[in-house]
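**Q** Model the full assembly from the supplied sequences, consistent with the hints where possible.
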Amino acid sequence: MPESASPDLLPRLGAFARLLHDAGLEAGPRRLTDATRALAFIDLKQQTDFRNALRSVFVSRKEDLPTFEAAFDIFWAPLDPRASAGVIPGRSLALPLSPERAKVWANALGLNTSQMNRKGEDQEFPASSSGYSAEELLRNKDFEQMTWAETVQVRRLVEQAPWRVAERRTRRLRPARSGRIDLRRSARHAIRSSGELMNLFRRKPRVRRRPLVLICDVSGSMERYSRLLMIFAHAIARREDLEAFVFSTRLTRITRLLRQRDLDRALESVSKGVHDFSGGTRIGDALGTFNRQWGRRVLGHGAVVIIISDGWDRGDPVHLSAELMHLRRSAHRLIWLNPLLGTEGYQPLTRGMAAALPYCDDFLTAHNVQALEDLGRLLASLDSRTSR
Amino acid sequence: MTASLSIDDVERRLRERRYIGDRSLATSIFLALQLKKPLFIEGEAGVGKTEAAKVMADVLGARLIRLQCYEGIDLAHAVYEWNYPRQLLHIRLLGEGTDKTDRRTAEREIFSSEFLLRRPLLDAIDNDDATPPVLLIDEIDRSDEEFEAFLLELLSEFQVSIPEIGTIKAKQVPFVVITSNRTREVHDALKRRCLYHWIDYPDLDKEVEIVRARAPEAADGLAREVAALVQGLRGMDLYKVPGVAETLDWARSLAALGATRIDANLVNATMGAALKYQEDLEKVREQVPALVEKAQRA
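In order, the protein sequence lines correspond to chains A and B. Note that numbering that gives the first Met the number 0 gives residue 86 to position 87 of the first sequence, counting from 1, and the numbers run on in steps of one. Note that numbering that gives the first Met the number 0 gives residue 264 to position 265 of the second sequence, counting from 1, and the numbers run on in steps of one.
In short, the hints are calculated from the structure, not lab data. Positions of the beta carbon are idealized from the N, C-alpha and C atoms, including for glycine. Mixed in with the good hints there might be a few duds.
Beyond 12 Å from chain A on every Cβ pair, some chain B residues (computed) [claimed, not checked]: (1) K53; (2) E113; (3) I164; (4) R296.
Simulated DEER-style distance windows between Cβ atoms [claimed, not checked]: (5) B:A255 with A:G178: 47 to 53 Å; (6) B:E163 with A:R376: 33 to 39 Å; (7) B:S155 with A:A353: 52 to 58 Å; (8) A:R187 with B:A169: 23 to 29 Å; (9) B:D202 with A:Q46: 18 to 24 Å; (10) A:Q46 with B:P215: 32 to 38 Å; (11) A:Q46 with B:R284: 44 to 50 Å; (12) A:A353 with B:R14: 53 to 59 Å; (13) B:E152 with A:V206: 24 to 30 Å; (14) A:L199 with B:S155: 56 to 62 Å; (15) B:A169 with A:L199: 54 to 60 Å; (16) B:A255 with A:Q46: 42 to 48 Å.
**A** Given below as structure tokens:
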């Protein structure tokens, strides 16, 4: 019954699925089967219905909608000989697309060159063998002054650090020795003993780690720190409920990009996905975008928000304070990490930093491994009873 | 009866029930019915996700079973629960002097469907309806991962096992609609089982149509101006952008005040129907005259 779609359509549908897969959508065999089944119910001459049907099968996230539309335009463009030959287009220069869809498409396929600084990465470094004191030295060395070899070792240190985040009580209950009476379990046992309530069972809320939100400045002035901070983000992302964003002139969510197990691949996709590495800084705008587009989605369960920035802001400080005030109200705790704080004699005198300080619960440094470990300890010590 | 519905039919019937959707929503619903797959609807708050499911039940002539999700929702609230007070009472009434076989019978008795409290999911699976019911799992983003994992299992098997009774398998699979406000990302595995539909804010003409259909008490001129006003607000940099539900509230409020057109004073007085943050209200208040003028020209 489901295989009734016209026979020459199937190979093309398969090629379309591969194209979507290349662009980062999930288009596995299961979806392909669904698409085939769906098309059997659709009048294929109706292009809109055809498009709608494929969309409802292959897309499952709002973010993927533009990519899908662009892919559809490319692949099913009526007069495109490449498409009708079943060849996967997309890597050619002349795309039958509006400029903005073409841009979405280029991004999805990662056609732009990496801007992230990764020179000399072919060299291999042996695992740290020089012992404790060398490692200790490294812990205290400013990221800014590190050689490439040292960053590779730092990477190992950061990856091994046991990141733990504070806990909060959830509304889900679990059996426990003390706490509220669990009427259900108590009654259940009572029934076994002729309706006599012999034991009272209790339950109490389950404890969960708080979600962590990282908002990281990757503008020009932060360039020296960006790579290591990304390594840091990746190390946490593998273990924790982490949402990560980077900004310089605009905000980009990199949560999904960081989820890849392999650090180098994760970093590569971050640098592909973020287009304004080392641009100027507009912290207020970036936080504004965060508050409006992401705040309600990622700050749900008593999240701890960490902003990493040196506070060099080209925007309006009043704007920055307003956004920070809003952010602080929606987060459980707001932590600002400033790598410059580790510099001797540093005073938070940049306009941006001065505007931000009153709204931060903690103001810490982030210029070396030691500082990141201190942060780890702070995070572990925040518990549900902490109030500000 | 579902087999005879075409995309056109779905679209027309939604419209007859004063639900102004677009063709892509009708297509998604149609395919979900044909492929017997759950439909996952996402969109900002107040764009009519829940309403779509309700209207769908009406279109199909089916019963609507709704499960509202919240943090910590568990099987006892979503699937079934034994009526413990009644069971206890029953067993006490039997008295102490019963022998072993009598107690066996009694135990079988109290774990029968008579003592079972059926929650929405069990209700949807164990149904004898003439038309398969519509199961609405509302705001799944509010529940937690444990519940999501359970739903995943339920949606693939459509069966529930109750240790004391056995496995109950759906005689007919309900039409499942899952909605999410995207306050968090729902797991891919669950989405993979579903057809996906994103409901966007409507454009001006469609929003006017929605106001006319859903808030007929608002005069035609008023409907258009309120819709245009809200469209203007959506273009602004606000913390909480008003949805269609807010447009309707606003139109109804203004109609209740006897307004047939908008002006700056009326807008200032009733803005709270659409804007729910103090910062947003302040920001908009400065621009009311300009917004009103623009809306009147639209």
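**Q** Work down the list of hints and note, for each, if the structure agrees.
**A** Here's how the hints hold up against the structure:
{"no.": "1", "hint": "K53", "verdict": "holds (20 Å)"}
{"no.": "2", "hint": "E113", "verdict": "holds (15 Å)"}
{"no.": "3", "hint": "I164", "verdict": "holds (15 Å)"}
{"no.": "4", "hint": "R296", "verdict": "holds (27 Å)"}
{"no.": "5", "hint": "B:A255 with A:G178: 47 to 53 Å", "verdict": "holds (49 Å)"}
{"no.": "6", "hint": "B:E163 with A:R376: 33 to 39 Å", "verdict": "violated (50 Å)"}
{"no.": "7", "hint": "B:S155 with A:A353: 52 to 58 Å", "verdict": "holds (56 Å)"}
{"no.": "8", "hint": "A:R187 with B:A169: 23 to 29 Å", "verdict": "holds (27 Å)"}
{"no.": "9", "hint": "B:D202 with A:Q46: 18 to 24 Å", "verdict": "holds (20 Å)"}
{"no.": "10", "hint": "A:Q46 with B:P215: 32 to 38 Å", "verdict": "holds (35 Å)"}
{"no.": "11", "hint": "A:Q46 with B:R284: 44 to 50 Å", "verdict": "holds (46 Å)"}
{"no.": "12", "hint": "A:A353 with B:R14: 53 to 59 Å", "verdict": "holds (57 Å)"}
{"no.": "13", "hint": "B:E152 with A:V206: 24 to 30 Å", "verdict": "holds (25 Å)"}
{"no.": "14", "hint": "A:L199 with B:S155: 56 to 62 Å", "verdict": "violated (38 Å)"}
{"no.": "15", "hint": "B:A169 with A:L199: 54 to 60 Å", "verdict": "violated (37 Å)"}
{"no.": "16", "hint": "B:A255 with A:Q46: 42 to 48 Å", "verdict": "holds (44 Å)"}
Violated hints, in rising order: 6, 14, 15; the structure is consistent with all others.
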